[in-house]
Amino acid sequence: EADIYQTPRYLVIGTGKKITLECSQTMGHDKMYWYQQDPGMELHLIHYSYGVNSTEKGDLSSESTVSRIRTEHFPLTLESARPSHTSQYLCASSAGGRGYTFGSGTRLTVV
Amino acid sequence: KQEVTQIPAALSVPEGENLVLNCSFTDSAIYNLQWFRQDPGKGLTSLLLIQSSQREQTSGRLNASLDKSSGRSTLYIAASQPGDSATYLCAVDSGNQFYFGTGTSLTVIP
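Line by line, the protein sequences give chains A and B.
Residue numbering for the first sequence follows our numbering, starting at -5 and increasing by one per position.
Residue numbering for the second sequence follows our numbering, starting at -16 and increasing by one per position.
One or more hints might be untrue.
Not close to chain B: a few residues of chain A, all C-beta gaps over 12 angstroms, as computed [unchecked claim]:
| id | residue |
| --- | --- |
| 1 | Q0 |
| 2 | V6 |
| 3 | K12 |
| 4 | G22 |
| 5 | V46 |
| 6 | T49 |
| 7 | R76 |
| 8 | V104 |
Label pairs and their in silico Cβ distance ranges [unchecked claim]:
| id | chain 1 | residue 1 | chain 2 | residue 2 | range |
| --- | --- | --- | --- | --- | --- |
| 9 | B | E0 | A | T14 | 43 to 51 angstroms |
| 10 | A | S61 | B | G(-1) | 47 to 55 angstroms |
| 11 | A | G90 | B | D10 | 18 to 26 angstroms |
| 12 | A | L54 | B | G78 | 14 to 22 angstroms |
| 13 | A | T65 | B | D10 | 23 to 31 angstroms |
| 14 | B | A61 | A | G8 | 46 to 54 angstroms |
| 15 | B | S29 | A | P2 | 17 to 25 angstroms |
| 16 | A | S61 | B | E0 | 43 to 51 angstroms |
| 17 | B | S35 | A | T1 | 29 to 37 angstroms |
| 18 | B | K25 | A | L54 | 18 to 26 angstroms |
| 19 | A | T14 | B | N79 | 22 to 30 angstroms |
To be clear about the criterion: a stretch of chain B counts as covered by chain A if any three or more of its residues have a C-beta under 8 angstroms from a C-beta of chain A, and this derived list gives those stretches [to be verified]:
| id | region |
| --- | --- |
| 20 | 10 to 20 |
| 21 | 27 to 39 |
Simulated from the structure, these hints should not be mistaken for laboratory data.
We put the beta carbon where it would ideally sit given N, CA and C, even for glycine.
Just chain A, same shape as in the assembly (with noise of 0.2 angstroms):
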């Protein structure tokens, strides 16, 4: 059973939009990250958090920004939306080496 929750699990949204997509965990994890993943390719980091108030760029450049004002609580925002962030955007948390737990997803498409 999930303790990670993303919200929406699906969004078709309008080019030049801005969007929110919700993440949320029960476990108290310190960190937190966000991944982009096309279909059928591999992972890539957008943003990283190590605990309230920390928030980093991950290895892909991304036009989309997070924060962390509670532990529990990392969304990520696109002020405006392009047909280029049609992707799936995955959460996942971690605490103490006791390895990732990741959401369901955000499917995400812009037209």
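Here the structure of chain A is known, so what remains is to put chain B in place on it, guided by the hints.
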């Protein structure tokens, strides 16, 4: 930088066969290694987590081994079933970041 490689990239087997998936990594200084399963369009489901001090972990028909000194891990699936069809990913925790392999796409034919 840690590099994680998975071989084979794709595998197709008849139902009932035992199979082995391979994962290799370049830097042996790891905290743990984790195997995941991913179904198309879905998130990653954790299968097994092996700490760096452990040699293997078992869950049901799955057994994962870790040889840190040689930079290798294997995932053994016994008596494969069509429901095992998915992409299997290994990930290495090097302390500051997890590094993912590119995955093995498994198809089990009924």
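Verification of the hints:
Distance check on Q0 (chain A): its Cβ comes as close as 8 angstroms (rounded) to a Cβ of chain B, failing to clear the 12 angstroms threshold; non-interface status is violated. Every CB of chain B is more than 12 angstroms from the CB of V6 (chain A) (nearest about 15 angstroms), matching its label as outside the interface. With a least beta-carbon separation of about 24 angstroms from chain B, K12 (chain A) lies farther than 12 angstroms from that chain, consistent with its non-interface assignment. Listed as outside the interface, G22 (chain A) is consistent with that label: its C-beta sits roughly 17 angstroms from the nearest C-beta of chain B, beyond the 12 angstroms cut-off.
Taking the minimum C-beta to C-beta distance to chain B, about 18 angstroms, the non-interface status of V46 (chain A) holds against the 12 angstroms cut. Residue placement check: T49 (chain A) keeps its beta carbon more than 12 angstroms from all beta carbons of chain B (closest about 15 angstroms). Under the 12 angstroms C-beta cut-off, the non-interface status given to R76 (chain A) relative to chain B holds; the minimum distance is some 21 angstroms. Under the 12 angstroms C-beta cut-off, the non-interface status given to V104 (chain A) relative to chain B holds; the minimum distance is some 17 angstroms.
Roughly 46 angstroms separates the CB atoms of E0 (chain B) and T14 (chain A), a value that falls within the hinted 43 to 51 angstroms. Distance hint check for S61 (chain A) and G(-1) (chain B): the Cβ-Cβ separation is about 50 angstroms, which falls inside the suggested range of 47 to 55 angstroms. The given range of 18 to 26 angstroms is respected by G90 (chain A) and D10 (chain B), whose C-beta atoms sit roughly 21 angstroms from each other. Between L54 (chain A) and G78 (chain B) the C-beta distance comes to about 20 angstroms, which sits within the given range of 14 to 22 angstroms.
The hinted window of 23 to 31 angstroms between T65 (chain A) and D10 (chain B) holds, with their beta carbons roughly 30 angstroms apart. Checked against the given bound of 46 to 54 angstroms, the beta carbons of A61 (chain B) and G8 (chain A), roughly 49 angstroms apart, stay inside it. Between S29 (chain B) and P2 (chain A) the beta carbons are some 23 angstroms apart, a value that agrees with the proposed interval 17 to 25 angstroms. A C-beta distance of roughly 48 angstroms is found between S61 (chain A) and E0 (chain B), which places it inside the suggested range of 43 to 51 angstroms.
Separation of S35 (chain B) from T1 (chain A) is about 35 angstroms and conforms to the stated range, judged on CB atoms against 29 to 37 angstroms. K25 (chain B) and L54 (chain A) have their C-beta atoms about 21 angstroms apart, which keeps the hinted 18 to 26 angstroms range intact. Checked against the hint of 22 to 30 angstroms, the pair T14 (chain A) and N79 (chain B) passes, with Cβ atoms roughly 27 angstroms apart. For the region 10 to 20 of chain B, the assignment as covered by chain A holds, since 4 residues bring a beta-carbon within under 8 angstroms of that chain's beta-carbons and 3 suffice.
Residues of the region 27 to 39 of chain B with a Cβ under 8 angstroms from some Cβ of chain A number 5, which satisfies the need for three, so the listed coverage holds.
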